[in-house]
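Kindly produce the complete structure, drawing on both the sequences and the hints.
Protein chains in written order, with this note's numbering: chain A, 1 to 185; chain B, 1 to 151; chain C, 1 to 374.
By construction, these hints were calculated from the structure, which means they are not laboratory data.
Among the clues, some could well be false.
[Claimed, not checked] Straight-line distance between alpha carbons at most 27 Å, and here's what the computed DSSO-like set of lysine-lysine pairs gives:
(1) C:Lys66 x B:Lys141
(2) C:Lys329 x B:Lys83
(3) B:Lys3 x C:Lys249
(4) B:Lys83 x C:Lys301
(5) C:Lys12 x C:Lys354
(6) C:Lys93 x B:Lys40
(7) A:Lys63 x C:Lys192
(8) C:Lys93 x B:Lys7
(9) C:Lys216 x B:Lys49
(10) C:Lys181 x A:Lys63
[What the hints assert, rightly or not] A partial selection of chain C residues facing chain A, derived with a Cβ cut-off under 8 Å:
(11) Pro22
(12) Pro25
(13) Arg74
(14) Tyr77
(15) Phe136
(16) Ile256
(17) Tyr258
(18) Tyr331
The structure displayed is predicted, hence computed values, not measured ones.
C-beta atoms are modelled at their ideal positions from N, C-alpha and C, and glycine is treated no differently.
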Amino acid sequence: MDVKKEYIPEFDGDLYKDEFGRTNFIVTTIDKIANWGRSNSPWPLSFGTSCCAIELMSTVSAKYDWSRFGFEVMRASPRQCDVIVVAGTITYKMAPVLKRLYDQMPDPKYVIAMGACAVSGGPFYYNSYAVLRGVDNIIPVDVYIPGCPPRPESLIHGMMTLQEKIRKSKAYVIQKPKKNKEEDK
Amino acid sequence: MIKEELKQYLEQTFPSAKVDETFDFPVLFLTKEELIPVMKQLRDAPETKFNFLFCETAVDRNPEFEMVYHLTSTYYHHDMMVKVILEDRENPEIESVYSVWEAADLYEDEIYDLFGIRFTNHPNLRRIFLTDEWVGYPLRKDYQDDRIISL
Amino acid sequence: MENQTVTPSELKTEEFVVNIGPQHPATHGVLRVEVTLDGETVKDVLPHLGYIHRGIEKMTESLGYKQSIFLTSRMDYLSAHINNHLCALAIEKAAQIEVPARAKAIRIIMDELQRLTSHELWWGSCAMDIGAVTPFFLGFRDRERILELFEQNTGNRLTMSYIIPGGVMNDVRPDFVPKLKALLKSIKDYRKEYDQLITGNYIFQHRTQGIGVLSKEQAISLGCTGPTARASGLSCDIRKLYPYDGYEKLDFKEVIDYGCDNWARYVVRMEEMSQSIHIIEQLLDNLPTGDYRTKLKGVLKLPAGEYYQRVESARGELGVYIVSDGGAKPYRMKFRTPCYSNLGAVKPISVGMKIADLMANMATIDLVIPDMDR
Chain A
1 MDVKKEYIPE FDGDLYKDEF GRTNFIVTTI DKIANWGRSN SPWPLSFGTS
51 CCAIELMSTV SAKYDWSRFG FEVMRASPRQ CDVIVVAGTI TYKMAPVLKR
101 LYDQMPDPKY VIAMGACAVS GGPFYYNSYA VLRGVDNIIP VDVYIPGCPP
151 RPESLIHGMM TLQEKIRKSK AYVIQKPKKN KEEDK
Chain B
1 MIKEELKQYL EQTFPSAKVD ETFDFPVLFL TKEELIPVMK QLRDAPETKF
51 NFLFCETAVD RNPEFEMVYH LTSTYYHHDM MVKVILEDRE NPEIESVYSV
101 WEAADLYEDE IYDLFGIRFT NHPNLRRIFL TDEWVGYPLR KDYQDDRIIS
151 L
Chain C
1 MENQTVTPSE LKTEEFVVNI GPQHPATHGV LRVEVTLDGE TVKDVLPHLG
51 YIHRGIEKMT ESLGYKQSIF LTSRMDYLSA HINNHLCALA IEKAAQIEVP
101 ARAKAIRIIM DELQRLTSHE LWWGSCAMDI GAVTPFFLGF RDRERILELF
151 EQNTGNRLTM SYIIPGGVMN DVRPDFVPKL KALLKSIKDY RKEYDQLITG
201 NYIFQHRTQG IGVLSKEQAI SLGCTGPTAR ASGLSCDIRK LYPYDGYEKL
251 DFKEVIDYGC DNWARYVVRM EEMSQSIHII EQLLDNLPTG DYRTKLKGVL
301 KLPAGEYYQR VESARGELGV YIVSDGGAKP YRMKFRTPCY SNLGAVKPIS
351 VGMKIADLMA NMATIDLVIP DMDR
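Dropping the structure here:
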């Protein structure tokens, strides 16, 4: 992580140097620390319905190892994970199950839609009577990964994009309640 | 027995039924009443011994339904097809062959779900692929659905 | 100390229903199983399907023959080449299309390689369901090396769409044969390591021997095919009974075991992997030269009638029943998938066993859920 060496003007850091010439504290914001922790260890839910699940399992295994990015612990219960990678086609019968899993996840939670079927219905867009055309009809999606199925490198690129998105988010900004404009008048 | 011999055997053994052939197998047409006794005879007769039901399906030929059974024998390795025509389109019903081969359990659940044909004497008939509240039977030719997007 | 024991008949127990839900790491997809338990003993098993039912059979009626072939590789995605091979054979039989000899040999090599990758993945996940996690990574290591070859020659790793009516899409690269020979040699060396790790393992043997017994009469009555039925003594290999595309000229054994339990199903699949390697080696030495495809002219129309074609997929007998009325789109196309019939075997072999054995049974029957639901 990069630490900017901007001294607060009235704060003289040289006073606190130890015998080796180092100051033993860093100055940053709470957001950056929290986001650094969150982006480097998002735990995914083991959720795979069809063919894209096999490419997900390839990404887990030794050649395209995703635990280098922090996704190592793949939990089976949604109450213990941060990100859900929707890999595979979602049908009308499965959609309430997915919504329930998403609701059971604690905040902050993220969704990656992997594969053409989860993005928009994929090859089953036309003429199918039982396929949900895109998973963003029921849950909000953060990253879309196209492909049928996407290569493991595409999935890793999508995961890194999610990590960048987490790093830029503001978690601890307290927003004052907005005043109603008619009350002022 | 090869296809021609099997066809002759069927014509001799069941003189009242119609016998035809497709590209691969000989076909025996039956009525609803004689279905179970004839199937049991086909399974137990020492010349044929059709003890394996490997495919059971239905075809919607407007306006009637056609039930299709594919049988094979693990002793002689010959195959045949059996067809039953169901005229009733509103409430089609036929007897289940679960008492002859247990494989019919899952095949007939699928046909009930997608075509609407009811099977009597079936252990547990239920809608297996679609939800219980689904309206209509998708594989029929006159199935209407607003959610289908077609080119 | 006083001897205070309570006999089981005096204990008051109740049955309760547990839902092994659609999202579960061990069900290999989205299968929901409703299990009625008495303590740890299974009393009843009721599977609920349909969570991945996409309506492929209805879609083929509006898509036409050439386009529906590409949908079939999404049905049982672990035998993708074999699914495409099935449709190609059915259409060639009906429309009387001749296939050159080189295309037939390449198709068989791709089929057997696909069978190898499917069994490697099965081995990894079967061991993981029983409790060992390491074989998962080992199985995927071998699988990745075969998938590299697929990608260099066909363009995709999982849903290839390489085998089409008339032949194959493209010729193989010039370095396909030497690379494959080196790969097969290293796979044979690794197999010896796997035999020590899992097959000779005391815990694994005691977890699988004597559990999940499926007798031959039950297998015939339930319509089971593939390694599930061959482990009960039933001879049903389609490559031997109804050979296609040159299998009759190749020398390989049909692997049959009479054990009827989980251990027999495991041993049958491990031996099938060796037989697949043997088949590929026979073809690699003298691959015929010539064309790789006969071009099809115009719109593909099948003459009116009914056709049935069967092939041996990694899980059993895969079949397609085409009803054609002479046009460019099929009137009805029904897929007879092996996993749907093998599902009927889960209940008879699990009733009376413990719930951990139910997981081992489902792992050795090798269920792939989109194959069931289509």
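For a quick check of understanding: which of the numbered hints are violated here, in increasing order?
Going through the list in order, the structure violates hints 6, 16, 17, 18 and respects the others.
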